[in-house]
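Single-letter residue listing:
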Amino acid sequence: MPEKKFLTGNSAVAYAVKLAKVGVIAVYPITPQTPIAEKLANLVSAGEVKAEYLRVESEHSALAACLGSAMVGTRSFTATSSHGLAYMHEMLTYAAGGRFPLVLAIANRSIGPPWSIWGEQQDSIQQRDTGCIQLYVETSQEALDTTIQAFKIAEDPRVLTPVMVCLDGFHLSHAEESVEIPDAGDVERFLPPFRTSATLDPDNPMTLAVGASGEQYTLWRSEQQTAIREAGSIIGDVDEEFGQVFGRKYGGLVDVYRCDDADLTIAIMGSFAGVARDAVDNLRQNGVKAGMLRVRAFRPFPNQVVRQHLANARHLVVIDRDLSYGNEGALCSEIRGALYGQGNVPPIVNFIAGLGGADLLAAEIESVAQEARQMTRPEERRTVFQFLENK
Amino acid sequence: MPEKKFLTGNSAVAYAVKLAKVGVIAVYPITPQTPIAEKLANLVSAGEVKAEYLRVESEHSALAACLGSAMVGTRSFTATSSHGLAYMHEMLTYAAGGRFPLVLAIANRSIGPPWSIWGEQQDSIQQRDTGCIQLYVETSQEALDTTIQAFKIAEDPRVLTPVMVCLDGFHLSHAEESVEIPDAGDVERFLPPFRTSATLDPDNPMTLAVGASGEQYTLWRSEQQTAIREAGSIIGDVDEEFGQVFGRKYGGLVDVYRCDDADLTIAIMGSFAGVARDAVDNLRQNGVKAGMLRVRAFRPFPNQVVRQHLANARHLVVIDRDLSYGNEGALCSEIRGALYGQGNVPPIVNFIAGLGGADLLAAEIESVAQEARQMTRPEERRTVFQFLENK
Amino acid sequence: MLEIVWHGRGGQGVVVASSILGTAMAIYEGKLAMSVPGFGGQRRDAPVIAVTRVDDIPIRRRDLKADPDYIVVFDDSLISVAVSGLRPDKPRHVVVNSTKSARELNLAGWEKLTIVDAASIATQVIGSPIVNTVMLGIFAAATGLARLDSVKKAIADVVPAEIREKNIAGAEAGFEAVQN
Amino acid sequence: MLEIVWHGRGGQGVVVASSILGTAMAIYEGKLAMSVPGFGGQRRDAPVIAVTRVDDIPIRRRDLKADPDYIVVFDDSLISVAVSGLRPDKPRHVVVNSTKSARELNLAGWEKLTIVDAASIATQVIGSPIVNTVMLGIFAAATGLARLDSVKKAIADVVPAEIREKNIAGAEAGFEAVQN
Amino acid sequence: MSEPSKFKGVGPHWPAGNTPLNVGSYTRIKPKIDVSQCSGCRLCFVFCPDAAISMDGDKNPVVDFNLCKACGICVNECPKKIIEMTTVESNA
Amino acid sequence: MSEPSKFKGVGPHWPAGNTPLNVGSYTRIKPKIDVSQCSGCRLCFVFCPDAAISMDGDKNPVVDFNLCKACGICVNECPKKIIEMTTVESNA
Amino acid sequence: MKIKDIPREEHISNSLSCAGCSELLAVRLALKVLGKRTVAIVPAGCMSTVNCYWPQIPFKTPMFVSPFAATGAILQGVSAGFHYRGITDVNVLAIAGDGGTADIGMASFSQAIISGRKFIYMCVDNEAYMNTGGQWSSTTPPGALTTTSTLADVTEASLSNRKDLLAIAMAHRIPYAATASPSYPLDYLEKVRKAAATNGPSFLHVLTPCPPGWGFPSEKTIEIGRLAVESGMWPLCEYQDGQLRITHVPRQTRPVAEYFQSQRRFRKLRPEGIAQLQKIVDARREALEKMVSPRD
Amino acid sequence: MKIKDIPREEHISNSLSCAGCSELLAVRLALKVLGKRTVAIVPAGCMSTVNCYWPQIPFKTPMFVSPFAATGAILQGVSAGFHYRGITDVNVLAIAGDGGTADIGMASFSQAIISGRKFIYMCVDNEAYMNTGGQWSSTTPPGALTTTSTLADVTEASLSNRKDLLAIAMAHRIPYAATASPSYPLDYLEKVRKAAATNGPSFLHVLTPCPPGWGFPSEKTIEIGRLAVESGMWPLCEYQDGQLRITHVPRQTRPVAEYFQSQRRFRKLRPEGIAQLQKIVDARREALEKMVSPRD
Ligand SMILES: Cc1ncc(C[n+]2csc(CCOP(=O)(O)OP(=O)(O)O)c2C)c(N)n1
Ligand SMILES: Cc1ncc(C[n+]2csc(CCOP(=O)(O)OP(=O)(O)O)c2C)c(N)n1
Ligand code: SF4
Ligand code: SF4
Ligand code: SF4
Ligand code: SF4
Ligand code: SF4
Ligand code: SF4
Ligand SMILES: [Mg+2]
Ligand SMILES: [Mg+2]
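Residue numbers (my numbering), protein chains in the order written: chain Z, 1 to 391; chain S, 392 to 782; chain D, 783 to 962; chain L, 963 to 1142; chain A, 1143 to 1234; chain V, 1235 to 1326; chain W, 1327 to 1622; chain B, 1623 to 1918.
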């Protein structure tokens, strides 16, 4: 029987890990992810989760340990944030290139200096080229549901690629709200037992993670690219199937709000989509046909659906909780790439907001949206930092 | 007196470090960078370089040690490749956020698995969001000259940001060619003594790398962004001044070849620009108005000059020696971003080539260019993998 | 949407109180709710706030910049902070743990005001001066927002077993203190 | 552009030979040159190649896929590999270290061909069977591409001090072996 | 939150010893020392983690309420047991 | 370079023990064992890093030229000194 | 050194640490001996977090917040940089936690020792990751609860299950290393002095009781530290020129049970476990005495 | 075990290693004793590089090429994964170099031991980073030249300047650890057997002479290993149940000078240096004998 609980995003993830019957958990503490590690430790010692709980010495080793256990056929999980995710960087590339189907939860946080334990998406954005799938969620419920979906996506024989489930630090990881915990039996039916292709098995000996060059190397890399592109459709399918079984779905690659007839669209990722929805409603009350496009899958990047939903937008505000220093917000430049070459594309305001844990209010989005409406020439571009413009 | 030598790209870098009078060198071995570490070790023990040579236990520590020595007012240098650079990821973010003016040489190499010791630019491309400046060079001479320039750029009070000098593994790091070694005195005049802002100094005590949140945090981040954008013009100025002193310059942010009247342009980074030049000449012999745009500065990304030089291009081939799995080559999507919103932008073929050390031949570029000429609608996009299309 | 802002000091259980009320509203009062803890590594005695939001439709905002309908203050040294800068545009109910009078607390102006010496109740009933569950009882009685029963169930859900009973008793005591 | 391809085995100094010739041409013959070593972690005895390119204009290509004008083979077990698949479209000069005859080596067809027992020269003069510098002398004499003097200067630049003299002598010996 | 940086250095660094906040301001119980009986052994001064006790002259320990967090260590460690915790109205 | 992968597994992994190349093929000097004097002590078999020596039956060590890299260890370690390096024409 | 000789000048105050924090006390006292010309490298952990958030900057001496794993490497760099510039009058001090030293920092710690450079590496050991709320670290003692180790009692495994940093430093043949406790200020500060006087790497392993993390009232901080030494849980030793010696033999030795009962983190420890641990502690004390007593 | 008992079955062949590689020999022999049901974790280093490049795959048993720093963590994961699945008949073996163990891998190595999980960690020590061409590692002996340490002679610093992995493992109270040499196959394989029989972590530190890296002709590989033991440079010991013992006392002891003269890497070592090192080796031998001899 489904059960209702009042949960933080972190606890929601922990319950998903429990429902997914994970066999090995290796998590290293870091704020704001730590409560996931702690909740899982409790569930394990309470016997509610039958998993091996590894206390490794770093995040690099946490992911490495998961690789090791996955390699011998055990579903494995880790979670981290910020410097911890940065410290995993080599291993993320390794897990993706080696096609290991792992699931990581990322409680998004900025990376210092300046040090900040608070929320920001820079940590996972910095991993955009590692080959891992990245899904960003809005609510505790979505965090739980997406984590379950993530195992199914990662382990799909056509994908076999690690999946990062990203939840905003504190704003989502630590805020509590109502969550429906799915029935264990339903989850078991939805999520087949762990499958992987690369195994250390004396009965079928292989050398894993071999070397290659030139042509053979390129072949394997192109297969890796095919798989993660393929994941694009699989993410949608899994979300659909999840909806049929559990009655909740999230739009697959993107989640749209009042977009169809919008001529001003706000693109965003993660839990600030909530205030973006408020901003959309307020703008509409003031006669601005606004809509919101929430990108759930940042990798693979959904170029096609983004094009589709922005086809009619005349103004675009892209909110980035990150910044690719020396260029612009990552979501913004990826969206530019998606729209490249389309007939009359909209001018874009790139709103850099929510850095270092800053709250984002609907009103702030609305005022940036009003700025955006002043821009008419598609080649116009503006980057607006929260707080600083009014200085 | 300038002196002519027959040098690999790696040795050229080592001579630049000598000329820059670096005080602390901390390098960890990895192919294809290792010869830099070895050459410097020899120069130090031969007394030709008066520096402290640190034998650390990892690349993370190599860059950390450089931070430490820079913090007490010593010009510091490290170099790495591939997994080593990936292992530095956290420290790169740290050095950039902390505004430490360091110079790193990167002998570009792929990151496994599949393992490959050979050339590819994935390793440095994966660092595009860390806040470091990235300069890609074509020849041994440019490697030497750019390394000297890099110190001046990094230490400019307006910049104070780490600079990565990227040279293709093997094709450039290990191939030998004629190099003019600048006169030590000239270099001393060109490059002022080491300056930095963040120092551990008992006579002016500060706490370095502090924490912050929200508004103050955002302020520091926006200053970081301003500094690296500013570096855009400073890179050009330094290259110009270098030209005046030493008679060699490289175009600053980009280096163009027969671009002015080109209606088919090949965009590329690094040492394969050589074969791209051949391809351009051959194409022109066959009546195709081709040109080449070599991007030297990938961070900061030169949106404006790229726009300028591609204004008239009707066809565009972007060659990426990297791949942002789940999207496309990084150079390609950044160029899309740069051209976004311009009047009739060209359709782009993204040619993924030279992975895992593969050679790239002019003929291969030419045939992709011919493909590109078939494309007419700006929204058309094609990703072509070397080797695999003809399969 | 109703917004309840909790003020206290590190160690007084402000975040837990907000979590308990949220649980009561979301699980036992059929509402939708969200509890937003004051973020950051507060150490003991530092001022802490938490915000509980209650509504019939999904709650979208997750910030701490609330425009409170209810203000609950665990430590009367924090009152000035708690009520400063509040626009007089809507009725707000202030619930305070204090031995002082409204005037002493400079709260004379407020018509919706509940002052109870929750500390001594807590010390008596729970055996420690940690007032959060007592304040929940007081809040329930004074505002009628949640039924005592729901609050007690929520306490049972949130509070660790070994101190559960005491805290339920604490809530009851707080509730009665207002009733009578 | 002239392309010289060097064939040998790990340990025979193929890469160094290419480097020395490149140095000779670039520094002492006023040409532009590039030396491209066979890439990768070869271990002893594995076949290795290197390519030297020489031109009057900047050299742009850095690959190993050469269409050689000169083919230098340090180990006659590699000849088949060295000459296989070469289009007959241009004259190519083959220089081999061997005790065998052209026929035994299946090189009868080649008009530009130099076969010298460099190994015994090396053993005599240098005291080890490492033939690379001897082969450079032979190459210089047989092809006239570089002056012996330039080769000797280049050896002095590239080879470590302790074995410098011997190797210069080796080059001379190789040179004379062809002259006479 | 405090006003953004006016300090003109570059990057997230800050002059040492800048502490606008008085950590002692959180607590209203503070130690009271009966200096008349004090032996001047200085143990309270030594053991106070927060540098809240200074020895004025050679004998008298003085508590700085702005720094004192009321941990009670001095009370516990004073060999003469002449320090006690008392509630103060204003703590600065 | 060899032809690209036909192996149907996913990712950069490969079935164990696949060695198309014979590392012994590089060298044309190989050990020759005078088995008539061999004591069967097996030390050559034990010390050969490349598993190039096998004991056929209980007595006779046999060298597999496809695997032998001509390191000379067996020659050096044979207590009876009955192994010598000889040049072979074809090495397989 | 006498209590009276402890300098009055303060080099850190107004820190956001919890009340009764002995990590802060250890730092405060060490800086008194080391003085103004000391630069501190402080990796992520309580001692950086409570001392680095703008605009509250409690260190009066230069301080750098170091990445968690990099302490040893930063030390090498700072020490080498000073050496390159010929600056010899500055103490280079690291203040790292147990997690930052024994776990994620182990590799750079180990290499820093081997580098032979001059620095003082101080590990303030509160036996868990306290800055993140008290998770298990590899120095967490057997029987202690943390938020990620709910180990209810001592098991065979759990006994070896703890890193002995002094032994590890000795295995590196470090010139100077010692265990210490701020509850014994003179012993502690004498060791800080010796560490600073060492011409090469030195290591101080300081036990720093943590009121919220260990579960005891803040006024007991010093007392708990004393109890750790008197119960034999934390012997005060020193390793110099390859010789290990005990620097303080407690007048009275207390049963470990007293130590365990003084802290909530040990609440799940059952009598058998306590008895077992008493044996181990006695054995260790004996071994130690043998080890330090000159052979025959 | 007798020579005759060494299994004939080969589990690795056609490796691209150099001729006379004793790392390969160590692996080949170990696999003979451990058998088919062994999974090998091999971090970046010669033993992965020469055995992993498509399409040449010499391992016949399962093998994983591990990231350089992660060996210990992968071991934990593999061991835990097998344990979770109830698989108990597979040996989990790491084959890591000195660089991969003593330098970049130190943190994960250290934590793997503390984890108490069952595995065999074998360090094949050729005393430098050979896969990248022979750079200094923290096990490079004093007086040896590498491409990044041109240290011409022994200096006070350089003497301590070497990590003793056995001592470090012992400081972790590891259940089983030993030094070994493939030049002593029976001693070596007996230790492999014991390591496999240990119900917990075990560590084998194997000296593996490297012809190109050390500068000696490939046929001397075994001889050099013997010389290392007979000269006292590489004592063969074993640590079990907290006891250290010497497993092989060479019949004859040779002067270290012989060892140094046998390898080009020591060519810059001057007589005074050699004399100094002879003293150190003698002292160590004595200390070792004392240490292992039961106290009075
Ligand atoms: C790479 C990385 N991983 C994790 C963290 C999060 N983190 C910061 S401090 C800390 C715990 C520190 O524990 P310890 O070193 O024992 O110091 P203490 O706080 O106990 O004084 C952790 C896990 C980090 N900052 N960086
Ligand atoms: C993070 C990282 N840094 C550097 C390297 C490059 N690297 C690969 S193997 C190796 C040396 C290995 O030395 P060792 O561990 O002693 O093994 P050996 O080759 O000597 O057997 C190095 C430096 C790497 N693969 N990964
Ligand atoms: S109570 Fe604590 S903080 Fe206050 S003075 Fe005493 S020891 Fe210092
Ligand atoms: S501890 Fe007590 S006796 Fe000693 S100085 Fe302080 S107050 Fe005086
Ligand atoms: S020469 Fe070396 S490889 Fe060949 S058989 Fe003898 S030992 Fe084996
Ligand atoms: S070592 Fe010599 S004697 Fe022993 S088996 Fe081999 S050949 Fe025979
Ligand atoms: S948690 Fe412990 S160590 Fe950290 S500041 Fe508080 S008392 Fe000090
Ligand atoms: S370099 Fe040394 S260790 Fe590496 S393969 Fe060659 S012989 Fe073996
Ligand atoms: Mg700690
Ligand atoms: Mg090695």
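None of these hints come from the bench; they were simulated from the model. Any given hint could turn out to be false.
As the list claims (entries may be wrong) - Below, a list of computed lysine to aspartate or glutamate pairs in the EDC-like style, where the Cα atoms sit at most 20 Å apart:
1) K1074/L - D1031/L
2) K396/S - E1134/L
3) K894/D - E958/D
4) K1386/W - E579/S
5) K813/D - D858/D
6) K412/S - E579/S
7) K1816/B - D1904/B
8) K935/D - E180/Z
9) K1174/A - E1545/W
10) K412/S - E439/S
11) K813/D - E3/Z
12) K396/S - D1031/L
13) K1222/A - D1608/W
What the hints assert, rightly or not - Partial list, derived from the structure: chain D residues whose beta carbon lies under 10 Å from chain Z:
14) G804
15) D939
16) V940
Since this is a predicted model, take the numbers as computed values, not measurements. Note that beta-carbon positions come from the ideal geometry of N, C-alpha and C, so glycine has one too.
Status of each hint after checking the structure:
no.	hint	verdict
1	K1074/L - D1031/L	holds, 10 Å
2	K396/S - E1134/L	violated, 23 Å
3	K894/D - E958/D	holds, 18 Å
4	K1386/W - E579/S	violated, 37 Å
5	K813/D - D858/D	violated, 30 Å
6	K412/S - E579/S	holds, 9 Å
7	K1816/B - D1904/B	violated, 29 Å
8	K935/D - E180/Z	holds, 18 Å
9	K1174/A - E1545/W	holds, 15 Å
10	K412/S - E439/S	holds, 10 Å
11	K813/D - E3/Z	holds, 16 Å
12	K396/S - D1031/L	violated, 25 Å
13	K1222/A - D1608/W	violated, 34 Å
14	G804	holds, 6 Å
15	D939	holds, 8 Å
16	V940	holds, 8 Å
The structure is inconsistent with the numbered hints 2, 4, 5, 7, 12 and 13, although it conforms to all the rest.
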